[in-house]
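Asker: Whole structure, please, built from the sequences with the hints as guidance.
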Amino acid sequence: MPDKAASTRKDSLLEALIPALFNKALSLSKAGRTEEALVVYADLDDRLKDATEPQWQLYGAMTLANQASCFRILQNPQAEIATHDRLIERFGNLPDTELQIYVGKSLFDKAVLLSNAEKYQDAIDSYDALIQHFSENPLPLLQSGVAKALFNKASLFSKMNETEKSIACCDDLLTRFADNKDPNIEKIVANTLLNKAGCIKKLGQHDRMIAAYDCFLNRFSDSKEDDIQLCLALVSIKKAEALKNNDQLEEAFSIYESLIHRFEKDESDEMAFQLAKAYINAADILCRLQRRADENNLYTAFITRFLSTKEPSLQIAVATALIKKATNLVAKGQVKEAIDCYDLVLNSLDDSENQELKKYHILAEKEKNSLETV
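Heads up, the sequence shown is in the working numbering, so the first residue is 435 and it goes up one at a time.
It cannot be assumed that every hint is accurate.
Below, simulated BS3-like cross-link-like pairs (lysine-lysine); rule was C-alpha separation at most 30 angstroms, straight line [unchecked claim]:
| id | residue 1 | residue 2 |
| --- | --- | --- |
| 1 | K802 | K770 |
| 2 | K539 | K593 |
| 3 | K635 | K539 |
| 4 | K711 | K678 |
| 5 | K658 | K621 |
| 6 | K758 | K793 |
| 7 | K658 | K711 |
| 8 | K758 | K621 |
| 9 | K593 | K770 |
| 10 | K678 | K658 |
| 11 | K792 | K744 |
| 12 | K599 | K553 |
No lab work stands behind these hints: they were computed from the structure.
Answerer: Structure (structure tokens):
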């Protein structure tokens, strides 16, 4: 009986002491007293390192995770990695779901730290450990971790110029998650398709690259998510540029035309740049196809949309469109309309905040004067 009573007193002491120490460390950390917090976490870690009861194991995992965060604040990556290693070793094979979440986070954070230190193969090994450990775990949070690990692994292979390995890693991710409807995983899938196309572009494989763009467009064509919509525009332009560079002008123009029609009412700054590219590139195709009237109509639509912009690069694009339109009008004998274009450059595009515009003002002034003296 005395032994049982002593055990009960010990458990009661732990139930009071462990949460109190943990909360003290947490308060110190929040107050910016990081080194003092680490002292308390070290004491906690020592008390909990041999714990077998689930509640104390969870406190042990939280203690190590918070220790790692403190080392991150102190910019001590070696100590942070060592702390992650202790957490992974201690809890990696235990079945408790909450513990496994901490293990997954430590594996991921360790890989990121190794990557930042340019220890790419070691980082890949850590991502591989995460992928292998959690591939069959159905918990959405852990599945999202697997997807992120595969994505980052592919990016590391790309940095190492191991392009085919990067593509294979992208394909692995797509095989696992292409039809996953979790919004977080959908974004990873979208970026993976983009990265895969970028890798194929490095290899100069035109048809394979177009097929990669088509995979993205087919997968996400109906998405209403803002980030995905922007990616749709970006991929459409990349595909059109690839077709244009391959002299598939009609196919490229059709993509630009569809893109303009789909997003012409989108007022976001990010989409504005993609739309501007679509207008200018489509007009260039019409020029190459000798469709001058259609080219000028497209310039008119672009100028109407962007004339009031204050963004410097878009102002340059508007000035370029006005001067090209004026050149086409002069060729058709429409001198007054051409002068109106030059006047818009001079009067509607303020070059006081955009030094690059001064070149366009000088050119517009010169061309206008030459027309008025004829």
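Asker: For each hint given before, does the structure comply? Return the numbers of the non-compliant ones in rising order.
Answerer: 3, 8, 9
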